[in-house]
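Enquirer: Put the two chains together into one complex, using the hints given.
Listed below are the residues making up each chain.
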Amino acid sequence: DAGITQSPRHKVTETGTPVTLRCHQTENHRYMYWYRQDPGHGLRLIHYSYGVKDTDKGEVSDGYSVSRSKTEDFLLTLESATSSQTSVYFCAISGGQGRSTEAFFGQGTRLTVV
Amino acid sequence: ILNVEQSPQSLHVQEGDSTNFTCSFPSSNFYALHWYRWETAKSPEALFVMTLNGDEKKKGRISATLNTKEGYSYLYIKGSQPEDSATYLCAFVRNFGNEKLTFGTGTRLTIIP
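Chains as they are written, first to last, in the numbering used here: chain W, 14 to 127; chain R, 1207 to 1319.
Looking at chain R on its own, in the form it has when it is part of the complex (with noise of 0.2 Å):
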């Protein structure tokens, strides 16, 4: 089974603070990293594809990090919003054309307006 681990489990933040999580990873054949998020009652969506070391991700307000090399990955979200809200979850992808799918637990995210 590979551990893929997110800390923290959840977090609250003040609207307008920036905040950051972390997802660790086995760092032995790597290949990708993806980041989801979860709103509630909703399906995860997309917000990266990762996969060299080194990488940065951008998408509006929320960034993501990779360092393949001592397995994490660190997401950011700039000024937060209430819409912000939501589990953040991170995958793990081992082996070129294996495309196996392994997710952590989550960080859930509440932003306090």
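Just chain W, same shape as in the assembly (with noise of 0.2 Å):
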């Protein structure tokens, strides 16, 4: 299995809260994304990173920021959790060295905003 985990794996939060979700990995591998699993959406992107310091956003990446300050982790954060982000997030990674390569998934974190 790819070395890749995803922390907490379960979070309730209050609306109007921060809150940060870690994504770490061991692979080395280059490029790192943040994705919600919303029903009749599928995986949708937040955010994704193409190298320490390199973030893009994705198609639905109001309210959340992301850092990467080395290679290894991927931060989210929610800087004011609303009801509407109560959802599972996953991480993913590929190493994408000059050609396209399958993504590794994290477990998810389930994220509920009451």
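Some but not every residue of chain W turned toward chain R, in silico, with C-beta under 7 Å: (1) 55; (2) 56; (3) 61; (4) 113; (5) 118.
Just so you know, these hints were derived from the structure itself, not from any lab.
Every residue, glycine too, gets a C-beta built ideally from N, C-alpha and C.
Expert: Next comes the structure, spelled out in structure tokens:
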């Protein structure tokens, strides 16, 4: 199994509070992604990173920020959590060294905003 | 926003029958098309990464084809088994060196024993 872990695995938080989810990899892969899974929408890209300190927005980035200060960690922050951000969040990594390569996914973080 | 569409949204197939479904994507600036299998309560797992027009990939009873000029890919499952029940996702990558994966909404396949 690819070395990718998400933490926490489950979180309940209150509306208006900041929340940070962590994705950690041991594969030294260049690309890291944060997706959210919602019924009827599949996986929607929130942000992705193509290197340390290099990030780009996805299709549903409003209300989220990310940071990647080292290769192995990609943090997703909900600046002020809202109920619409209740979802399952998946982190993914891929190598992409000169060619497109498969992505490996973490186990997901179930976030509930009450 | 890139438009990656999958059809049908869901499918029920009798065990032993063969089936196929479609992923449509923009044909301009194509770089790669991925297929993933996603079982309930698990994480998606890669099936194929395809980059060349006319490419065909096969893994056991599952195969995929790619037409980059018209912007579609087919996934085929031969002799469906109950363990094939899952959601099948395609993901599109536009532009070399970008590797920004945009997923379709998936086809949910249920095999009826």
